[in-house]
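Trainee: Could you slot chains B and C onto chain A? The hints should help.
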Amino acid sequence: MKIKELALLIEGTIEGDDNVDITDLSGIETARLGDLTFAMDEDKLGLAEISQTVCVLTTKTSRRSTKTLIRVNNPKLAFLIAYNVFHEKLSAESFVHPSAAIADSVILGKNVRIDAHVSIEDNVVIGDHATIEGGCVIKKNCKLGEHCHLHPNVVLYENTILKNRIVLHSGVIVGSDGFGYVRDRGEIYKFPQLGIVVIEDRVEIGANTTIDRGSLGCTMIGAGSKIDNLCHIAHNVKIGKNVIMAAQCGIAGSSVIGDNVTMSGQVAVIDNITIGQNVSIGGQSGIIGNIEDNAAIWGSPAREVKQTKKQMAVLSWATKNFNALSKIIKEKGVT
Amino acid sequence: MKIKELALLIEGTIEGDDNVDITDLSGIETARLGDLTFAMDEDKLGLAEISQTVCVLTTKTSRRSTKTLIRVNNPKLAFLIAYNVFHEKLSAESFVHPSAAIADSVILGKNVRIDAHVSIEDNVVIGDHATIEGGCVIKKNCKLGEHCHLHPNVVLYENTILKNRIVLHSGVIVGSDGFGYVRDRGEIYKFPQLGIVVIEDRVEIGANTTIDRGSLGCTMIGAGSKIDNLCHIAHNVKIGKNVIMAAQCGIAGSSVIGDNVTMSGQVAVIDNITIGQNVSIGGQSGIIGNIEDNAAIWGSPAREVKQTKKQMAVLSWATKNFNALSKIIKEKGVT
Amino acid sequence: MKIKELALLIEGTIEGDDNVDITDLSGIETARLGDLTFAMDEDKLGLAEISQTVCVLTTKTSRRSTKTLIRVNNPKLAFLIAYNVFHEKLSAESFVHPSAAIADSVILGKNVRIDAHVSIEDNVVIGDHATIEGGCVIKKNCKLGEHCHLHPNVVLYENTILKNRIVLHSGVIVGSDGFGYVRDRGEIYKFPQLGIVVIEDRVEIGANTTIDRGSLGCTMIGAGSKIDNLCHIAHNVKIGKNVIMAAQCGIAGSSVIGDNVTMSGQVAVIDNITIGQNVSIGGQSGIIGNIEDNAAIWGSPAREVKQTKKQMAVLSWATKNFNALSKIIKEKGVT
Chain A
0 MKIKELALLI
10 EGTIEGDDNV
20 DITDLSGIET
30 ARLGDLTFAM
40 DEDKLGLAEI
50 SQTVCVLTTK
60 TSRRSTKTLI
70 RVNNPKLAFL
80 IAYNVFHEKL
90 SAESFVHPSA
100 AIADSVILGK
110 NVRIDAHVSI
120 EDNVVIGDHA
130 TIEGGCVIKK
140 NCKLGEHCHL
150 HPNVVLYENT
160 ILKNRIVLHS
170 GVIVGSDGFG
180 YVRDRGEIYK
190 FPQLGIVVIE
200 DRVEIGANTT
210 IDRGSLGCTM
220 IGAGSKIDNL
230 CHIAHNVKIG
240 KNVIMAAQCG
250 IAGSSVIGDN
260 VTMSGQVAVI
270 DNITIGQNVS
280 IGGQSGIIGN
290 IEDNAAIWGS
300 PAREVKQTKK
310 QMAVLSWATK
320 NFNALSKIIK
330 EKGVT
Chain B
0 MKIKELALLI
10 EGTIEGDDNV
20 DITDLSGIET
30 ARLGDLTFAM
40 DEDKLGLAEI
50 SQTVCVLTTK
60 TSRRSTKTLI
70 RVNNPKLAFL
80 IAYNVFHEKL
90 SAESFVHPSA
100 AIADSVILGK
110 NVRIDAHVSI
120 EDNVVIGDHA
130 TIEGGCVIKK
140 NCKLGEHCHL
150 HPNVVLYENT
160 ILKNRIVLHS
170 GVIVGSDGFG
180 YVRDRGEIYK
190 FPQLGIVVIE
200 DRVEIGANTT
210 IDRGSLGCTM
220 IGAGSKIDNL
230 CHIAHNVKIG
240 KNVIMAAQCG
250 IAGSSVIGDN
260 VTMSGQVAVI
270 DNITIGQNVS
280 IGGQSGIIGN
290 IEDNAAIWGS
300 PAREVKQTKK
310 QMAVLSWATK
320 NFNALSKIIK
330 EKGVT
Chain C
0 MKIKELALLI
10 EGTIEGDDNV
20 DITDLSGIET
30 ARLGDLTFAM
40 DEDKLGLAEI
50 SQTVCVLTTK
60 TSRRSTKTLI
70 RVNNPKLAFL
80 IAYNVFHEKL
90 SAESFVHPSA
100 AIADSVILGK
110 NVRIDAHVSI
120 EDNVVIGDHA
130 TIEGGCVIKK
140 NCKLGEHCHL
150 HPNVVLYENT
160 ILKNRIVLHS
170 GVIVGSDGFG
180 YVRDRGEIYK
190 FPQLGIVVIE
200 DRVEIGANTT
210 IDRGSLGCTM
220 IGAGSKIDNL
230 CHIAHNVKIG
240 KNVIMAAQCG
250 IAGSSVIGDN
260 VTMSGQVAVI
270 DNITIGQNVS
280 IGGQSGIIGN
290 IEDNAAIWGS
300 PAREVKQTKK
310 QMAVLSWATK
320 NFNALSKIIK
330 EKGVT
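Protein chains in written order, with numbering that gives the first Met the number 0: chain A, 0 to 334; chain B, 0 to 334; chain C, 0 to 334.
Keep in mind that the hints are not guaranteed to be accurate.
The list treats identical chains as one, so a pair stands whether inside a single copy or across any two.
Subject to a maximum C-alpha distance of 25 Å in a straight line, what follows is the list of computed DMTMM-like cross-link-like pairs (lysine to aspartate or glutamate) [what the hints assert, rightly or not]:
hint	residue 1	residue 2
1	Lys43	Glu10
2	Lys329	Glu48
3	Lys3	Asp17
4	Lys59	Asp40
In case anyone wonders, no lab produced these hints; they're calculated from the structure.
Treat the numbers as computed from the prediction; the structure is a model and nothing was measured.
The shape of chain A in the complex, shown without the other chains (with noise of 0.2 Å):
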């Protein structure tokens, strides 16, 4: 890609030679001959220029260099910008490995690249541009939207429905059956599960991560969030937009979570619970009823996290002057 033709992508304007081609992106540690990288600061300038990149993205005040520079606002929005545009300009040409099990009724799209041992049912359609790596299994009536990718050994139960742009991880499992029983005398009956899920627009999910479907209506994951690794997603939960939530957290039936909640690691949600918009949840936390919005939350039970520190002070406090306050007890003679 010429030079040029990124700054006017990414807004930026260029200082050195503008006759240069990029061939890749790459951090400033593994920049190879042709590489595009980027600096936040002057150290990592003077990293950029001993490396062998050709171009360096970097701030609108830093100090002029030997290579050559794209001055613009944010230089990290910027690098990720423009290596979205290289990337997405090198993938999907159409192919499909001759071991992938395609059933007759399945519609691909166009430039859909799928690779080996994968398997896809009935009646399912696949959008655009879409990646399915190897050993993916898709099963009946699945529709997928335009650019969506798979990685390797995906699974999407029946019925699932992922809309645009949307990444899944290895190992993530989508539509499985959620976790409802019934009990009667003595014994435990699974409660059939027939609804399904719907993954919006944008959305990332990392790795062996999954998601229930519906009891009976559905599970739904709202337009750009991103959920990490080794997540649970339960039954007819509804995450709303644009969600951050880290690894290893579990979400119980039915559960809503509000647009712009950020989470941290390993949180637990009980089911049947609302929290609100843009609340921010401490790691680890246990939240066990609704949440209002633009809360910041943390422990198990979770407090506010002002409350939460609190309480941890005082318990730190009780234990220092755990012998004073036992004596006032024993004189007092007080039960």
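Mentor: Same frame as chain A, now just chains B and C:
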């Protein structure tokens, strides 16, 4: 299915047109013409009446309706019984996908379905009416009883024994090596894991759950138990009958979980302890000692629920009254 | 194997018939004729004597027996050394299943076994004596050293480096994208994940564990470390040598775990901190700051074990004496 046949099966009484055929079952929201649904209360019955459903399972006391009703004691239970009968009828004609790699010595029962890219190694026995979906790997000497259902990408390590009517969801791993090491002069040596896993009748296991095989003896999951997604069952664990384990729980080596135990999500149980029968365990509990029958416990470390709640209340109280407590200590001058 | 050969290997002394051949190793409960087993105490020796085993590894001080004994310092350690020798002898004749999809540019070492439905992409190098079981997917440019064993359905993303004698259990994902996003004007953009994962000699990783690749640099697992099932290792984490990590732990981005750290289950470590060498960490701990060498910590948030236990004791005491404390506050009338 004839409605009369169905009513007989679920011990219900028909009210209205009994000359109706049921083609499928569904929730009220998604009901299509010919479907059977269920309504636990009058509101739901109202919704069912304006849906396309032809027949509604409802209580003995609900009002009359324009739809054909079948009155039963527990409509939800009746619905699932009806569903299971329908589902069983539809499943399992004999079928082996040509891409499946099945060793010559494998014994397949009647009406077994084996999907694409399955691998089954030497001396495996698969019982009647089994369904082995795409990408499953069954290592040598495994024995599967009747009506087992392995969803896509399940792995059974060698010598695993599944009894009858077992459901393993996608990505379940059964029989992986336990976490057993011996330290000697600064090095860590793996202790050989030579045991097996035995899973008894009617167990269902959620997506991406892992169950390690015994180191020398065996890991057991008792009849009727249900384990949710992303749980970890270590080597030599014994899980009783009709245990309910929610998502992301972990049971360390050689611990014993009694019959009818109910466990919320993200519970941890240390190694070599025994949890009695009928114990109920709150979410995120950490269990570090034996628990008696019929206890209700919560917390990390786990105590009786009442005790844990009292401790939380006292800490809240102390936090509210911190200034007063602090003043008393200061006045006394004790340390 | 001749018993004399074995005794030499494990530095043991034979007592009884030394004209015996060992055909396999097993635990006492499952011993068959020709098997070697081990007995750490007199009780176990008694059980071994009534089993079909032909030879028993036991301590230097245990009583004489009707079975052939090999006396060693540590029977358990001797057993595993013997097992490993047996196991190695049995493994890995060269074999590639015809269904495997292996790119032309792949380089395979000597005595490599590749099972059904494996995919190996361009420019992968597989070292001698590797075992790649059914359904594994190895993306382009991965390098595997000697004696690596990938159990079924493992996925390696592109550029992953495995050194020698590495065991990955089923469902392990190595090299998935890290959880790195940049927010800009309400939108969440994925930051490109261009780094790699390097796993050093003799590492073993449990079923369904996920290890993300570095965002720009690399994620490292040090030699001899053992990671249990369902753990999450985020991008750019550095794990030292001989670390023991029990199941369901999660390490957030760029954190460093020192050599010989031991971690119980369900521990969470936040991002960008350093845990020193030889630290031992209790189950369900939440670690939110740097930890010095040789510390023993527990709790969420984690403190020194002694401190955490003291706090628990004080809270129990305060709960028992709540009425007294409450009375004193009321009498004083302070607030």
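Trainee: Classify it for me, Lys43 with Glu10: is the Cα-Cα distance of at most 25 Å met within a copy, between copies, both or neither?
Mentor: For Lys43 and Glu10, the Cα distance is within 25 Å only inside one copy (21 Å; across copies 56 Å).
Trainee: Checking an output row: Lys3 and Asp17, CA cutoff 25 Å. Within, between, both or neither?
Mentor: within (7 Å within a copy, 76 Å between copies)
Trainee: How do Lys59 and Asp40 come out at 25 Å by Cα distance, when the copy is not named: within, between, both, or neither?
Mentor: within (11 Å within a copy, 65 Å between copies)
Trainee: Indicate which option fits the pair Lys329, Glu48 if close means a Cα-Cα distance not exceeding 25 Å: within, between, both or neither.
Mentor: Neither: 72 Å inside a copy, 62 Å across copies.
Violation of the numbered hints given earlier is confined to hint 2; every other hint is satisfied by the structure.
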